[in-house]
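Protein chains in written order, with full-length UniProt numbering: chain A, 1 to 378; chain B, 1 to 378.
Errors might be hidden in some of the hints.
Identical copies look the same in the list; a pair holds intra-copy or inter-copy alike.
[What the hints assert, rightly or not] Pairs of lysine-lysine, DSBU-like flavour, derived with a Cα cap of 30 Å:
no., residue 1, residue 2
1, 364, 16
2, 371, 203
3, 136, 293
4, 47, 213
5, 16, 203
6, 364, 213
7, 136, 47
8, 364, 138
9, 213, 203
10, 213, 138
11, 106, 293
12, 293, 47
13, 213, 293
14, 364, 47
Derived by calculation from the structure, the hints in this document are not laboratory data.
Take a look at the letters that make up each chain.
2 protein chains.
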Amino acid sequence: MEAVRLGIIGLGNMGKGHIGYLNRGEVSNVLLTAVSDYDPAGLEWAKQHVGEQVALFADPYELMASGLVDGVLIATPHYSHPELAIAAFERGLHVLCEKPAGVYTKQVREMNDAAARSNTKFSMMYNQRTNPLYQKLKDLNDSGELGEIRRTNWIITNWYRSQSYYDSGTWRATWAGEGGGVLLNQDPHQLDLWQWTINMMPKRVRAFCYFGKHRNIEVEDDVTAFVEYENGATGVFVTTTGEAPGTNRLEISGDRGKVVIEDGQLTFWRLRTPEREFNAAFTGGFGQPECWKCEIPIHGENPDHKGITQNWVNSILYDEPLIAPGEDGIKGLMLSNAMLLSTWLDDWVDLPIDEELYYSYLQKQIAASRKTNGKGVL
Amino acid sequence: MEAVRLGIIGLGNMGKGHIGYLNRGEVSNVLLTAVSDYDPAGLEWAKQHVGEQVALFADPYELMASGLVDGVLIATPHYSHPELAIAAFERGLHVLCEKPAGVYTKQVREMNDAAARSNTKFSMMYNQRTNPLYQKLKDLNDSGELGEIRRTNWIITNWYRSQSYYDSGTWRATWAGEGGGVLLNQDPHQLDLWQWTINMMPKRVRAFCYFGKHRNIEVEDDVTAFVEYENGATGVFVTTTGEAPGTNRLEISGDRGKVVIEDGQLTFWRLRTPEREFNAAFTGGFGQPECWKCEIPIHGENPDHKGITQNWVNSILYDEPLIAPGEDGIKGLMLSNAMLLSTWLDDWVDLPIDEELYYSYLQKQIAASRKTNGKGVL
Chain A
1 MEAVRLGIIG LGNMGKGHIG YLNRGEVSNV LLTAVSDYDP AGLEWAKQHV GEQVALFADP
61 YELMASGLVD GVLIATPHYS HPELAIAAFE RGLHVLCEKP AGVYTKQVRE MNDAAARSNT
121 KFSMMYNQRT NPLYQKLKDL NDSGELGEIR RTNWIITNWY RSQSYYDSGT WRATWAGEGG
181 GVLLNQDPHQ LDLWQWTINM MPKRVRAFCY FGKHRNIEVE DDVTAFVEYE NGATGVFVTT
241 TGEAPGTNRL EISGDRGKVV IEDGQLTFWR LRTPEREFNA AFTGGFGQPE CWKCEIPIHG
301 ENPDHKGITQ NWVNSILYDE PLIAPGEDGI KGLMLSNAML LSTWLDDWVD LPIDEELYYS
361 YLQKQIAASR KTNGKGVL
Chain B
1 MEAVRLGIIG LGNMGKGHIG YLNRGEVSNV LLTAVSDYDP AGLEWAKQHV GEQVALFADP
61 YELMASGLVD GVLIATPHYS HPELAIAAFE RGLHVLCEKP AGVYTKQVRE MNDAAARSNT
121 KFSMMYNQRT NPLYQKLKDL NDSGELGEIR RTNWIITNWY RSQSYYDSGT WRATWAGEGG
181 GVLLNQDPHQ LDLWQWTINM MPKRVRAFCY FGKHRNIEVE DDVTAFVEYE NGATGVFVTT
241 TGEAPGTNRL EISGDRGKVV IEDGQLTFWR LRTPEREFNA AFTGGFGQPE CWKCEIPIHG
301 ENPDHKGITQ NWVNSILYDE PLIAPGEDGI KGLMLSNAML LSTWLDDWVD LPIDEELYYS
361 YLQKQIAASR KTNGKGVL
């Protein structure tokens, strides 16, 4: 194979964005050969924006069966991601899936199982994993510079969405249409980075979600979550779409110092002596380890979506390791599901969550949803 | 009365500190006339550091009965504050009390009742209320610049204490000796400012305290608390003595913007249109209120302990309004008690707390404490 023949499923904002950089030739060794959208307006748009050699399909399953594609990029509404991905894996097609991986982990686990049974390359579109800021944080953690993690704290409240935004689509912010709110629509990158950068998933979660608190919507628009990790570390995650101007500040404390990422900068307060070592030896009453405030250089721009697409293409062609293996998608979703379940139960939730229990609670929400057919928006 | 005749009860670090600025004449219209300490070493120190005209007492009750003082400054271990203050009120003496007001709210409520029955001036030594940073925050809130409060977030983890510090006194960080850990010893100012600056107490608390997590101590040294306010706002308070270098960052979001206090600076992100007003009128889908980043000038230094002492003296002599009325001391302590109780119950705690329940839980901790006589350290 010299180039991957690509089909894009779903021509919403994300699908159109991917076509943009592909048209500009910003990804090598990939050929857009087909697109699909249930919405005729999407295909009409495609006629104007893709070459004549690109086949147009209303039905994504016809696209997958056409023999025209080696892999698909799934950019449809959340609920349909696993179903379409499973169909692709069964046809031996490689999959690049938009975030979130799906709406509930039970569904995503089936997708991961199907991927494992296939001989394909599966990637999630986690285009913040290529952001040099978070790569550097992961580097500081993985190389041991930060020491054992003690505490995490992410205030990610700069996702302002007005009522006008929510009113722009009837499926928006409904249980049936999207299956969740700020956690599922705005935070998937943060929920991924929160555990990916430190290689630690919480062991249990106690969260406080508020539904339609700031807007006339069904789903959560304000969340505070407290988590415990296996090693005794704790963490806090605060998010909302209801505040302006909001904050995006990630703080990670370790035995050897503290990192803060805010305003596009990473600062590392480095302890000259690790805290536990200092504490064990110190005899002076008041006093603390010597600390150096280090400005850490961040090089390069985030290659973003096209970086992930290129990596997936290279993985197919040259077996390049995936930056965001598709199977990782369940991790951030597990956190999101756990936060909602903890709120519904008004109690702690252990991870991995009881997936059937989550599914049953979600079904209750969907049954009461004002939009009753999530699939209709595909 | 031309000058207030003052007795200082307790010659630990705080008592000695107060004598320092009084000796330097930094408070007007006050005359140190007596000091007391159960510890002979304290009185020995006093002989070297106060004038011969100052009477020395081993017993604070003898000091109060001596007729030599109009008011007392109580700077003894936490447990004894209410008992001594009540005795002072019963003798018609004015009281300036070191923080915290006491160890449990039941005890502090009795102190407040005794103050109310007396005709005296009662102030808490909340010497961060005179800090221009927090005064400015209160000003922005009280004047309506911030708008209705939506969220509070205080990360106050820069209270590093080594094992060596805790080992420096057998009463330290024990239930019997101090009755609490970081919440009672390090955080009283923050727990006061957190509600004083915005004039809002939480209505319920769900907190996660860890006991002896970082050090070999009995009491809490790591706390994360989530709170809900009556108006629907939420808040987070994170504190520990186990981290270096730690953080002190207070963020308050309102309908008209956001304030952050960190590194001795206050920044106000001011919305040109209040968020709710913007949201009600906006029809553009994506978009948010225009926001101005404003550097707010902070003038003057914190007059600190001597400022509060002067205010209390002026209140006695000229009826000047108190900056930190003694009755306010129960508020921060209520938050601290609620956080511990929520942890012990592993559940929500409504405010005001069930004071008898808290007292009974505290007694259990004291019964199991390795230091069994809290009063012995007075």
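Please work out whether the CA atoms of residue 47 and residue 213 approach to 30 Å or closer within one copy, between two copies, in both situations, or in neither?
neither (41 Å within a copy, 63 Å between copies)
Reference check for the pair residue 293 and residue 47, CA-CA at most 30 Å: within, between, both, or neither?
neither (55 Å within a copy, 45 Å between copies)
Indicate which option fits the pair residue 371, residue 203 if close means a Cα-Cα distance not exceeding 30 Å: within, between, both or neither.
For residue 371 and residue 203, neither the intra-copy (34 Å) nor the inter-copy (35 Å) Cα distance is at most 30 Å.
If the cut is 30 Å between Cα atoms, do residue 364 and residue 138 qualify within a copy, between copies, both or neither?
neither (39 Å within a copy, 44 Å between copies)
Given identical chains, is residue 136 near residue 47, meaning Cα to Cα at most 30 Å, within a copy, between copies, both, or neither?
Cα proximity of residue 136 and residue 47: none, with 42 Å in one copy and 59 Å across.
Please work out whether the CA atoms of residue 136 and residue 293 approach to 30 Å or closer within one copy, between two copies, in both situations, or in neither?
Answer is both; intra-copy 16 Å and inter-copy 28 Å each pass.
Are the CA atoms of residue 364 and residue 213 at most 30 Å apart within a copy, between copies, both, or neither?
within (20 Å within a copy, 40 Å between copies)
Given a CA cutoff of 30 Å, do residue 213 and residue 293 count as a within-copy pair, a between-copy pair, both, or neither?
Classified as between; 26 Å across copies, 39 Å inside a copy.
From the Cα coordinates, with 30 Å as the cut-off, is the pair residue 213 and residue 203 best called within, between, both, or neither?
The answer is both: 28 Å in one copy and 17 Å across copies each meet 30 Å.
Please sort residue 213 with residue 138 into within, between, both or neither, judging by C-alpha distance up to 30 Å.
The answer is between: 26 Å across copies meets 30 Å, while 34 Å in one copy does not.
Using 30 Å as the alpha carbon limit, work out where residue 106 and residue 293 are close: within a copy, between copies, both or neither.
neither (44 Å within a copy, 45 Å between copies)
From the Cα coordinates, with 30 Å as the cut-off, is the pair residue 16 and residue 203 best called within, between, both, or neither?
Neither. Shortest intra-copy (38 Å) and inter-copy (47 Å) distances fail the 30 Å Cα cut-off.
Of the numbered hints listed earlier, those contradicted by the structure are 1, 2, 4, 5, 7, 8, 11, 12, 14.
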